[in-house]
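K.L.:
Chain A is already provided as a structure; the job is to place chain W on it using the hints.
Chains A and W, in that order, are what the protein sequence lines are. Just so you know, the first sequence maps onto residues 1328 to 1674 in the numbering used here. Just so you know, the second sequence maps onto residues 1328 to 1674 in the numbering used here.
Incorrect hints may have been included.
The list treats identical chains as interchangeable, and a pair is accepted whether it falls inside one copy or across any two copies.
[As the list claims (entries may be wrong)] Simulated crosslink set (DSS-like; lysine-lysine; CA at most 25 Å straight-line): (1) Lys1544 x Lys1513; (2) Lys1513 x Lys1405; (3) Lys1645 x Lys1329; (4) Lys1587 x Lys1576; (5) Lys1631 x Lys1598; (6) Lys1529 x Lys1446; (7) Lys1526 x Lys1354; (8) Lys1353 x Lys1645; (9) Lys1353 x Lys1342; (10) Lys1443 x Lys1406; (11) Lys1529 x Lys1342; (12) Lys1400 x Lys1513; (13) Lys1513 x Lys1443; (14) Lys1544 x Lys1580; (15) Lys1599 x Lys1576.
Think of the hints as simulated: they come from the structure by calculation, not from any bench. Values in this document were obtained by computation on a predicted structure and should not be read as measured data.
2 protein chains.
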Amino acid sequence: MKIAVDAMGGDFAPKEIVTGSVAAAKKYGCSVVLVGDEPQIREVLDTLPGWDKLDISIHHTTEIIGMGEHPAKAVMRKKDASVVVATRLVSEGECDAVLSAGSTGAAVTAAQFILKRIKGIDRPSIATPMPSPEGTTLLMDSGANVDCKPRHLMQSAMMGSVYAKYVLGIENPRVGLLNIGEEETKGNEQARTTYPLLKQMKTINFLGNAEGRDIPKGTFDVVVCDGFVGNVVLKFGEGLAKTIIGLLKEAVKEGGLRAKLGALLLMPACKKLARRLDVEENGGAPLLGVDGCCIIAHGSSSAKSIKSAIGMADGYVKGDVLAHIEEAIMKEEILDDAALTGKSRNE
Amino acid sequence: MKIAVDAMGGDFAPKEIVTGSVAAAKKYGCSVVLVGDEPQIREVLDTLPGWDKLDISIHHTTEIIGMGEHPAKAVMRKKDASVVVATRLVSEGECDAVLSAGSTGAAVTAAQFILKRIKGIDRPSIATPMPSPEGTTLLMDSGANVDCKPRHLMQSAMMGSVYAKYVLGIENPRVGLLNIGEEETKGNEQARTTYPLLKQMKTINFLGNAEGRDIPKGTFDVVVCDGFVGNVVLKFGEGLAKTIIGLLKEAVKEGGLRAKLGALLLMPACKKLARRLDVEENGGAPLLGVDGCCIIAHGSSSAKSIKSAIGMADGYVKGDVLAHIEEAIMKEEILDDAALTGKSRNE
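Chain A on its own, in the form it takes in the complex:
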């Protein structure tokens, strides 16, 4: 696998991005093209002994898209932005995947404009893996689309199932629709109209409504929701975890020697737990529905998260996700039925 990495995107770019890429090239034996400002990239590489023995190259670009910029405008205007060029390397067949930890909006827009959508998919979705005691719950979508129509959620459910099966290795992924009650008649209009349609689908194992608590519990492998709700949940979860850890640290500090000793003794057990939850291993989220592999990494990505996000791209390519999504679209004729919602696909 050959991956184009946006070396300039992310809070700790290019240092953490380049360092993580080198670690991934070593671990997965993949080729990495570092896209961005050559002098800056080279400066980081020079601190990493042995990188020149790996299959790593630099593709120099002159522009950067910042976090505050309007995604569509920036992608249209900055033809030489690192994320734009990295995405183009995939569309031109030069690379198999693109990874960016920069502006999510810019990465999604670049993927939509340059890679284009898969035929039969109206909107791509960000599939975020959330750790649970059972393994991973895939949150579909976590922010690419808002105000989804039922068919968008159907497409999300189908793509999430494919990813869970062929990349996460879950045989018959349990799909749930995020809602505020278990009964079919519960929820907002979006959920109530989507439920019966998910029930009719052939390519997914739909088990009914999922409630908020089911996400951390791991009751479902794929939880389908509007990107507005998914994004709020994702950021709330991140914030809650950060707040709890911060408060615990403070409590230990204030608790004196006794609490400090306790924390020290507990550390190995907690570290084991963190490893089990793969907290730092869930570095990226694939953008499903575009015609190419695009991995969105967290803005605050460390080298470790970048490494794991490149591993994710490797899994995506090896799992042949694109072909399996196309296959599912063929089987799921229902997605092509304009009569489904009484509206045409392109409205």
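P.N.:
Chain W only, in chain A's frame:
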């Protein structure tokens, strides 16, 4: 204050409900009317020495509304259900507040049918206090309304502000609109159309968009959202906290003597933290917008949570929430402007 308590509602009714009510009568010096099956209530009371010295009475009822029942149908048919009778005691001026830990749908429906809405409010909202390091973030609404129109969110913002000011004692409550980005133009249609309207309001201190992470962080005192999103967030948070605690316990168990000793030493610091976060003290959530004090308690309420929920009713009554909401409605002529959304109030 005289409170009507639905003694039959909740996973641990009537035992925990009655026990918590007695503790509250002792602590707050309030009168409690226990509404439900007299023999069962009396059986619990008999285990609580000294209850007969307090201002506690029993109002016998013969029916119960179960968790699985259709709220509206059940409230209409079961005229002698404990939650219906308890709510009626408030509408008849017999009591100042009603509390139920039973079906939330039934309690909300009973309040809407029997207490009626405050004039000027289209839909009541559940105001759930979420603990944060800064104090409390009020989540408005956490499940009473879905598919909200902008004016519903405006009313929520206004009522939440009143509650935060007059009950929680926050001078100029910081109000945020839950969204997926900071900019005014971000989000779904609901958020984008609501933002400029919140900005125009006179009775709230609107600071802009809140993101998911702002809820646990405590960046805002009142976070306004559609009940669908609020309910998902609330249940997700509960589930996440439960999952983390469960996993930590497991890790301690598997970590052997060393981890057990560590946990033991850490316990006092953690208990202090739990008290600071008021975890068990946030037993209820007021239903704002109905013409009377109605407190919704969690289905799994313990005696301790019921006690704190009754304390909440006490604060609501003493804070004169109803009068202050009516006052704010008068000031906020904007809420009465049908031209606001181009639609009439009753559509």
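K.L.:
Does each hint fit the structure? Answer for all of them.
P.N.:
So, going through the hints one by one against the coordinates:
1. Proximity of Lys1544 to Lys1513 under the C-alpha cut-off of 25 Å is restricted to the intra-copy arrangement: shortest distance 21 Å within a copy versus 30 Å between copies.
2. Only between protomers do Lys1513 and Lys1405 lie at most 25 Å apart by alpha-carbon distance; the minimum there is 22 Å, versus 46 Å within a single protomer.
3. Taking the closest pair of Cα atoms, Lys1645 and Lys1329 come within 25 Å of each other only inside a single copy of the chain (12 Å); across copies the shortest separation is 67 Å, beyond that limit.
4. Taking identical chains as interchangeable, the C-alpha atoms of Lys1587 and Lys1576 lie at most 25 Å apart whether they share a chain (9 Å) or sit on different chains (19 Å).
5. In this homomeric assembly, Lys1631 and Lys1598 come within 25 Å of each other (Cα to Cα) only inside a single copy, at 16 Å, whereas the closest approach across copies is 34 Å.
6. Taking the shortest alpha-carbon separations for Lys1529 and Lys1446, only the intra-copy value of 19 Å comes in at or below 25 Å, while the best inter-copy value is 49 Å.
7. In this assembly of identical chains, Lys1526 and Lys1354 lie within 25 Å of each other by CA distance neither inside one copy nor across copies; the values are 41 Å within and 52 Å between.
8. For a Cα distance limit of 25 Å, the shortest separation of Lys1353 from Lys1645 inside one copy, 18 Å, qualifies, whereas the shortest one across copies, 67 Å, does not.
9. Proximity of Lys1353 to Lys1342 under the C-alpha cut-off of 25 Å is restricted to the intra-copy arrangement: shortest distance 17 Å within a copy versus 62 Å between copies.
10. With identical chains, the CA atoms of Lys1443 and Lys1406 are at most 25 Å apart within one copy only, with a shortest distance of 16 Å there and 60 Å across copies.
11. Proximity of Lys1529 to Lys1342 under the C-alpha cut-off of 25 Å is found in neither arrangement, the shortest distances being 46 Å within a copy and 48 Å between copies.
12. For a Cα distance limit of 25 Å, the shortest separation of Lys1400 from Lys1513 across copies, 15 Å, qualifies, whereas the shortest one inside one copy, 40 Å, does not.
13. Taking the shortest Cα distances, Lys1513 and Lys1443 sit within 25 Å of each other only across copies (23 Å), while inside one copy they are farther apart (36 Å).
14. For a Cα distance limit of 25 Å, the shortest separation of Lys1544 from Lys1580 across copies, 20 Å, qualifies, whereas the shortest one inside one copy, 31 Å, does not.
15. Taking CA atoms no more than 25 Å apart as the test, Lys1599 paired with Lys1576 passes in both settings, with 18 Å inside one copy and 13 Å between copies.
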